[in-house]
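> Next come the chains, spelled out residue by residue.
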Amino acid sequence: MSKIIVVTSGKGGVGKTTTSANFSSGLALRGQKTVVIDFDVGLRNLDLIMGCERRVVYDIIDVINGEATLHQALIKDKNCEHLYILAASQTRDKDALNLEGVERILNELRESFDYIICDSPAGIESGAFMAMYFADHALVVTNPEVSSVRDSDRILGIMAAKSKRAVEGRAPIEEHLLITRYNPKRAEAEEMLKVEDIEDMLRIPLIGVIPESESVLFASNSGIPAIHQKSDVAEAYKDVVSRFIGEAVPMRFVSGKVGFLKRLFGDR
Amino acid sequence: MSLIDGLLEYLRGDEKKSAAKAKERLQFVLVHKRDRRDVAPPDYLPALQEELLAVIAKYIPVDRSAMKVHLGKRDEYDEFDVLELNITLPETGRN
Ligand SMILES: Nc1ncnc2c1ncn2[C@@H]1O[C@H](COP(=O)(O)OP(=O)(O)OP(=O)(O)O)[C@@H](O)[C@H]1O
Ligand SMILES: [Mg+2]
Chain A
169 MSKIIVVTSG KGGVGKTTTS ANFSSGLALR GQKTVVIDFD VGLRNLDLIM GCERRVVYDI
229 IDVINGEATL HQALIKDKNC EHLYILAASQ TRDKDALNLE GVERILNELR ESFDYIICDS
289 PAGIESGAFM AMYFADHALV VTNPEVSSVR DSDRILGIMA AKSKRAVEGR APIEEHLLIT
349 RYNPKRAEAE EMLKVEDIED MLRIPLIGVI PESESVLFAS NSGIPAIHQK SDVAEAYKDV
409 VSRFIGEAVP MRFVSGKVGF LKRLFGDR
Chain B
193 MSLIDGLLEY LRGDEKKSAA KAKERLQFVL VHKRDRRDVA PPDYLPALQE ELLAVIAKYI
253 PVDRSAMKVH LGKRDEYDEF DVLELNITLP ETGRN
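So the protein lines, in turn, are chains A and B.
In this note's numbering, each residue carries its 1-based index in the first sequence increased by 168.
In this note's numbering, each residue carries its 1-based index in the second sequence increased by 192.
Source of the hints: derived by calculation from the structure; they are not laboratory data.
Some hints could be false.
To be verified - From the structure, some residues in chain B lie toward chain A, with a derived Cβ separation under 7 Å: (1) Ala211; (2) Lys213; (3) Ala214; (4) Lys215; (5) Val221; (6) Leu222; (7) Val274.
From the three backbone atoms N, C-alpha and C, an ideal C-beta is built for every residue, glycine too.
Produce the complete structure using the sequences and hints provided.
The following block contains the structure:
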């Protein structure tokens, strides 16, 4: 049975698209048939992060409107065998997405994919709602910062009340806390919220900690998700994927202690 | 970090340690206290109910069973705790 996973946060710019790109690539690298959908209609970016911007011909709205088939709109990823991308449209019409259309697409995708990753837009409006409505799992992307924690809290409340699972009285969406842009040294110096603080406040299980790193900027500049390079961020996202598919992996990048070799040679 | 930098940081002391403040402030605004959801109603509720009943009975003859007090989440986003007071007034009759 395929799984629908929404990558959400409420707050903008916390790392949803970065996470969607790396998490979906990571699943595909593990041999899982995966598709990643950009729900950020009007502000599409996933195509850039995945490096397929010049191959976008049709997008999700074209499929919903029946102007293209899903088959025509799916873009095969250049780095992973088992990964496909469905781009958002650049239209400014916010009502272009609708629940019936999204459901139709998801049902069709369920037939051929193991994992369907939905990259949510920021906010709590229609786009974010469509992205989470059908989800089985949610990666709640949170930065160690007050407004991000509050917005995660808010989106958790909305998912618990408004998702299809909630409305139908089924088992709730499985929530996973993903802390990104984490700076363990500053957290240890008590300048920033710690992983435990955030866990303690949001009270959902932690699936991983992604360190703050320049390798993310390098990845987005090159259009190749960080997971394909050698970096702490790549390792951290691989750990998240392993945990998601049920492997027990110890939490890394939580503490600020730097190994001797790393101190000598740097971490990039 | 150079020795001087280290010294400066040491001298600046706790100024930059604002994480505790962040946490404290957040605990006030987080609406979605998930673990509170299944918690039993507060133990002052029966006493509150008695006293409310007493006050209302001063003005309107109501039966204890005609009054329901409920404290809990009702907002669609679970955002607020709502104290609900539901009283069925006796038939007034028009005679
Ligand atoms: N681990 C990280 N380290 C450093 N920078 C990061 C990290 N993760 C994300 N970023 C940077 O943060 C910015 C926002 O990231 P991203 O686009 O993934 O966020 P988003 O939540 O999808 O934003 P939006 O809400 O606008 O869709 C980007 O510039 C990205 O390079
Ligand atoms: Mg995004």
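> Each hint needs a verdict: does it hold in this structure or not?
Hints versus structure:
1. Ala211: holds (5 Å)
2. Lys213: With a minimum Cβ separation of about 9 Å from chain A (threshold 7 Å), the hint on Lys213 of chain B is violated.
3. Ala214: At about 5 Å, which falls below the 7 Å cut-off, the nearest Cβ of chain A leaves the hint on Ala214 of chain B intact, so it holds.
4. Lys215: holds (5 Å)
5. Val221: holds (6 Å)
6. Leu222: holds (5 Å)
7. Val274: violated (14 Å)
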